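K.L.:
In case you want the letters, here they are:
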Amino acid sequence: MKNLYKKGFYLFLCIVWSSIASAQQVSPTIKSHLNGIVLDAGTNQPLPGAVVKIRGTTHTVSTDSDGKFSFVTGQSFPYTLLVSFIGYDQKEVTVNGSPVTIRLQETLNQLNDVVVTGYSTQERKYIAGSISSISGSVVQNQPSGGFNQLLQGKATGVQVTTNSGVPGGGITFRVRGNNSINASVDPLYIIDGVFVNNSDPITAGLGNQAASNPMADLNPADIEDIQILKDANATAIYGSLGANGVVIVTTKRGKRNTKAAINLSTFQGWSTAVDQFKVATGPEVALLTNESRVNTAIDNGLNPSTVVLPFPDPSAQQTYDRISSLFRTARTSNYELSTLGGTDRSTYYIGLGYLSQESIVKPSDYKRYSGRFNYDNYLTDRLKVGTSINFIRSDRNLSGSDNNPTGVINSALFPRSYLPVYNADGTYARYGSFDNHLALINNLDSKALGWRTIGNIFGEYTFLPGLKLRSSWSIDNTSEYDNSYSNTLISAGIASNGSASSTENKALVLTNEQVLSFVKNLGEGRKHNVNALIGNTINTVLNQSTSASGTGFAANSLKSVSVAATRSGTASSAETKLLSFFGKASYTYDGKYTIDGSIRADGSSKFGTNKRWGYFPSGGLAWRLSQEDFIKNLNIFDELKLRASLGLSGNQNGIGAYAAQGLWSSGANYLEQPGIAPTQLINPDLTWETTRQFNVGTEFTILKKRLQIVADYYNKYTYDLLLNVPVPYRSGFSSYLQNYGAVRNKGFELGINSTNIQTDAFQWTTNFNISFNNNKIEKLASDISLGASGRNISILRQGYAVNSFQLYKQLYVDPQTGNAVYEDVNKDGQITSADRQIVGNALPKYTGGLTNSFSYKGIDFSFFFYFQQGNKIMNMNDFFMVHGGTQANIGFLPRQLERWQQPGDITDIPRLTTYSGNPTENGGAANNYGGNVASLSSRYLEDGSFIRLKTLTLGYTLPRNVLTRVGVSKLRVYLQGTNLLTFTRYGGLDPEVSSQSNNQNTVGYDWATVPQPGTIQIGANVTF
Amino acid sequence: MTLKQKKMNTSYLRNAVLIAFVLLSVSCKKYLEEVPDYALPTGSAITDASTARAAIIGTYDRVQNYYASAYPTLGTITTDNVIFNGTLSEYLQLDQNAIPTDNVITVSAYQSIYRTINSANSVITYVPLVNDPLLTDAEKNKILGEAYFIRALSYFDLGRGWGGVQLQLKPTTNLSVLKGIKRSTLDQTYDQVLADLTRAEQLLPEDATTRNRAQKSAARALRARLHLYRKQWADAETYATQVINNTKYTLLKPYKSFFTAPFLTRESVLELSYSANDRNSYWNLWYPSSSGGQFTLKPSDALIAKLNNPAIGGSRNTLIAGTGATVYGVLYNTVGISTDPSYLIRIAELYLIRAEARAQQNKLTDAAEDLNAIRARADVAVTTAVTQAALIQAIEDENGIEFAFEAHRWFDLVRTERAGAVLGITNRNFWLFPIPYSDIQSDPDVTQNPGY
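Chains as they are written, first to last, in our numbering: chain A, 2 to 1025; chain B, 2 to 453.
Hint data in this document are derived by calculation from the structure and do not stem from the laboratory. Here the structure is a predicted model, which means the values were calculated and not measured. Honestly, I wouldn't trust all of these hints.
Stated by the list, open to error - As a list, the in silico SDA-like pairs of lysine to any residue whose alpha-carbon atoms are at most 20 Å apart:
1) A:K633 - A:L708
2) A:K706 - A:I758
3) B:K30 - A:L708
4) B:K257 - B:V328
5) A:K448 - A:D366
6) A:K260 - A:F374
7) A:K612 - B:V36
8) A:K971 - A:T61
9) B:K171 - A:S735
10) A:K507 - B:V36
11) B:K171 - A:T680
12) B:K30 - A:W614
13) B:K31 - A:L543
14) A:K780 - B:Q442
15) A:K507 - B:E35
16) B:K180 - A:F734
17) A:K521 - A:L384
18) A:K260 - A:I442
19) B:K143 - A:Q674
20) A:K521 - A:I596
21) A:K612 - B:E35
22) A:K612 - B:K143
23) A:K521 - A:T61
Claimed, not checked - Distance ranges between label pairs, derived from CB positions:
24) A:R332 - B:K30: 54 to 60 Å
25) A:Q902 - B:K171: 57 to 63 Å
26) A:K777 - B:K30: 37 to 43 Å
27) B:D81 - A:T610: 55 to 61 Å
28) A:N378 - B:K30: 35 to 41 Å
29) B:D81 - A:L812: 30 to 36 Å
30) A:I390 - B:G44: 54 to 60 Å
31) A:Q902 - B:P445: 46 to 52 Å
32) B:K31 - A:W271: 57 to 63 Å
33) A:F695 - B:K31: 36 to 42 Å
Said to hold, decoys possible - Footprint (simulated), chain B over chain A, 3 or more residues, beta carbon under 8 Å:
34) 485-497
35) 886-898
36) 924-935
A virtual CB, placed ideally from N, CA and C, is assigned to each residue, including glycine.
Based on the provided sequences and hints, a complete structural model is requested.
P.N.:
Spelled out as structure tokens, the structure:
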């Protein structure tokens, strides 16, 4: 492996050397001087970075920061200038003297944009694949760390859920549904050509909640644009990595011949909980407990009058509020400083950012410091070298707030409200399994410090116009240093006299790539457009982890593992390699017909010796009908394109580095002697999980480019799933990783961009998108049940979608007896595990967004709604806290007060009882809260559909003439609200929640989770 | 350039390309080879003395996995001695004896026991093939004897919890070895246990000072228990006597000395040891959160009353601590340090086995003598029971107190068919734990226990 890198490096050096040697300067003959300026035709603002070319020559300049350009040329007047600028229509101007003013018309849609596709850039109008493009400005100035979570509702075919309101916390990001069951379903993220690591590096246990969103490391302010490659034609060139879609992020780079622009921006935000937890009061808890006790006695055949009530006078109970001390008004501060510009030979972008964000539930917070340096230099006319370097430090205060009796939220929410927070002597009071929430808030000390370097250097050598070789060397180095200390004031540290752990996780991704590309217009009238490339990739992923822990500390101020009385340590390392070769060719005739195809071969060290290599071909067709006379004559369409594609892409992420090998693991020790034991069965045939995707779509613009519509239908079939097939436990194993099973995702996407009103003073645009996805497991060895700490509420079953919930379906509460009656699926007259059934699914039927933007002179106003429909949420807070008295140490939610009390009551909350006799009897008291049903009742499963006003922004850009006097070229101030309104029937705090997100198959739980905050922020952007 | 030179150049070029291609494909293949540094390939796992030793150690580790917490929980919270006091519903289900097929504790115990069996099977199959001068025959026999003992223990623990189970006697090298093995009857399972115990007793070394690995006495003690479960009273008495007569073991006073560090006391026939590097945090389930525990398992009010009654509990009141609503069990008490042993067989059990076996054979005086040995050690007066029935009842009660927090009472009440009368579980289907849901889904050869 080292050798390969070395060889590649020498090759690269040779190319650099020879090209520098061949660089020569020729002094031209001067025949004319031309000065000019390029302006935006709408606003009359100068356009820096526009490209001005003299037709018939290679002489090209860029406009400077004032939009000005000049030529000193061997051409005589008159001659024709070709003026182009991304996002504007190209213009031809014949000039017959200096100076000249050129006005460019902004393109009203993106169809003509250049799009970064796999390893190349293409004009959008020729592309046969399905690609969503999002401008960087969409994800900027928002009170959230990760750009990817901000794509929610902004692009078709993408479903994004922020799992909790913890800043920098985990998110769920799916492109066109879940393709897999055990392998990863996350897309491939590529930032400036670097394949970046997207696995959560934090080890601290947060109750199955993903602790971080690794993409939050990237400062959204640095982003120029984002492309999401969705169909097989677009992703197949990424072969083994592309099956879950590819998100390509391009960061800002300077433009040649532009003066430095310095940009300073900041915002300050204040976040609060839209809704806070509510629990039953002390007297209510006492009343319910009494009632449960009496009912249980009756069920046991005892005389209720003999029962000694635990609370003879419920109303005498106090109520101690814990919830309000859990929440706070959380501050968010963000500062950005950046500069970009370029000389005639080089360009640069430097960006610095700082974000500090508190969680609305104490004590977690998140800080990010980021620095970016992008630089390109044209060493010669033929050789360009460049680099993108990004340094990030992230700093998190973690709080194990989920799913754990010693977590902050659980410790405040679950204890019975008549119990005091403090003991009589002023110390923290603890009850049952629960810690004291204030003890936790004041003493939790769990810090995750991340250092990340994402860097890339590349050289690009042009042999002939259109024929380029690019060699790129990338690194993504993540180092996560987690330190946690539980002192003797919290329950995790009491017994051990303080316990500390210190873990360093390192993930190193090295990628080397060579791509030889050829782009040319050929033939008469340049009707033949060819775009082809071949290349290879060498990719190494090294994960290393070292951790030490210790217990027993002399004082609470001593936290270092090194001074603990008892210490232990562990270390691990795993390396995987991927070797790939690929080629792609695209041919367009006359700007009308495009055909393209690609193939990639990948070999992975993870797979079995028999089947290491996978081959992933794809092909696509595009037809621009708008270039045909019969469409032109209709005078309806400004642009009309049909496209179709078919192809394969692969997946190997999410399985272990040595998943195909038969292993006896060491570490099964006893009596301080080393032990070994079988842990994994061999599978020499383990190979790629493959997705076959068909896509058909259309893009058109009508009404003088005022209305643009993009629609796609796709059908994805993923087969040879990398599936942990459950095996009988008597084998000594619980599962066997093999290629078995299939999942299908099919769906429809529609995106509409409309320019409703466009005048000089007033503009109104609307963007609407909606994505439908239907997921179905087509083939599975047997049902796989999982989730909710062994309660198996989630199930994977053939014929149903992933993320289905299996529960006992509660039909009604018998008005006569008050007992819950469930559907007896197998009609055997009993309620047993055979009567559990799929009662819903956590996947929405559709998701989408609606954005409206208005601008009037300097004022801009926009609002954005996100919506999703059809998903269910398992409300675990209700599951635990509407327990009918079975949980002696847990209080009640107000929903418990709706319980059945007397004959005739109509409710879905059964009679309180802890009776456990006859657990199979349907309509028996045992199954109200215990019994075989054990509260796994569909009454705790709720509709999670919602519509939310995600953002509302009002901004004002100061007039230019005022600003220029103080040396400022642009100043905008704004006020923004986030999550201001939510329409939902969901009874929990927040319908956008997924507490068990560490596992992709246990989506849609709400379990003592920090809700999404409502945020008000003010901000300003200044450009000098 | 002459034509010849050109030709030569092309052939050079062709050769170079060919060589480059060959080199590349070889280096690609090598480049993609990755092996872990923490595990051995299955094929070469047990090959020499040191891996043979490591494999039997690994088998003990697997026993730890189910005996540290899951198995003693199954034997206690299911009874009238211990109640649920936490939040995790899997414990509530056990406390209510309404156990769904995916109950986390029963599933984990069942799965861990079969993992133990697979390790033991591997040792039994591969260790005899090891040809290493460093591995003497004596050591080989010791390792094999331990493996047979552990397999016997595992199948015994499966049988008394789940009934007759599928008998896996070969290591799982691939899934095809599983096909066609149906559930055995409880008798067949116990026959297998007996066969393994017989082999183990032959192969194991005579007792030395060891108490945390199997030796001859451990095999005899387990055999005494097996015969008791099978109502083979004379055999139970014989084997119990063999262990009791071994001077290595004695009933310690005071009662609490066997569960007070340092462990491995003379009380212990077999216990699994833990250490700072190999922890057992079972105490966490018993201690309240103010002591850093979860307090999921709580002594019942009835048990607390018995333990505090000098005529019943005697010095066994040291099994509990705390006051008021916060009385908790302290058998597992290495709070924070987490080194409590798993108590598999104590000499006290052999006395009570013999007492019961003798009582059943109507040797009432001898039976009372054994029972009184246990009572005397706990500073409780001699038994007042005289009739056979009363004596058997007294032995049952004594078992309930003596082993209040160990994996006994549930299994005792089930084997004596008293779970209905004592615990009110009149539906006998619920005297067996359910076969895990996942196995029902994935194994065509398994059948569920009736009633689940």
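K.L.:
Each hint should be assessed against the structure and marked as holding or not.
P.N.:
Hint check:
no.	hint	verdict
1	A:K633 - A:L708	holds, 17 Å
2	A:K706 - A:I758	holds, 12 Å
3	B:K30 - A:L708	violated, 54 Å
4	B:K257 - B:V328	holds, 17 Å
5	A:K448 - A:D366	holds, 10 Å
6	A:K260 - A:F374	holds, 17 Å
7	A:K612 - B:V36	holds, 17 Å
8	A:K971 - A:T61	violated, 28 Å
9	B:K171 - A:S735	holds, 17 Å
10	A:K507 - B:V36	holds, 19 Å
11	B:K171 - A:T680	holds, 16 Å
12	B:K30 - A:W614	holds, 10 Å
13	B:K31 - A:L543	holds, 17 Å
14	A:K780 - B:Q442	holds, 15 Å
15	A:K507 - B:E35	holds, 19 Å
16	B:K180 - A:F734	holds, 15 Å
17	A:K521 - A:L384	holds, 19 Å
18	A:K260 - A:I442	violated, 50 Å
19	B:K143 - A:Q674	holds, 16 Å
20	A:K521 - A:I596	holds, 15 Å
21	A:K612 - B:E35	holds, 15 Å
22	A:K612 - B:K143	violated, 43 Å
23	A:K521 - A:T61	holds, 19 Å
24	A:R332 - B:K30: 54 to 60 Å	holds, 56 Å
25	A:Q902 - B:K171: 57 to 63 Å	holds, 60 Å
26	A:K777 - B:K30: 37 to 43 Å	holds, 38 Å
27	B:D81 - A:T610: 55 to 61 Å	holds, 57 Å
28	A:N378 - B:K30: 35 to 41 Å	holds, 39 Å
29	B:D81 - A:L812: 30 to 36 Å	holds, 35 Å
30	A:I390 - B:G44: 54 to 60 Å	violated, 46 Å
31	A:Q902 - B:P445: 46 to 52 Å	holds, 48 Å
32	B:K31 - A:W271: 57 to 63 Å	holds, 59 Å
33	A:F695 - B:K31: 36 to 42 Å	holds, 38 Å
34	485-497	holds (count 6)
35	886-898	holds (count 5)
36	924-935	holds (count 5)
Hint compliance for this structure: hints 3, 8, 18, 22, 30 are broken, all remaining hints hold.
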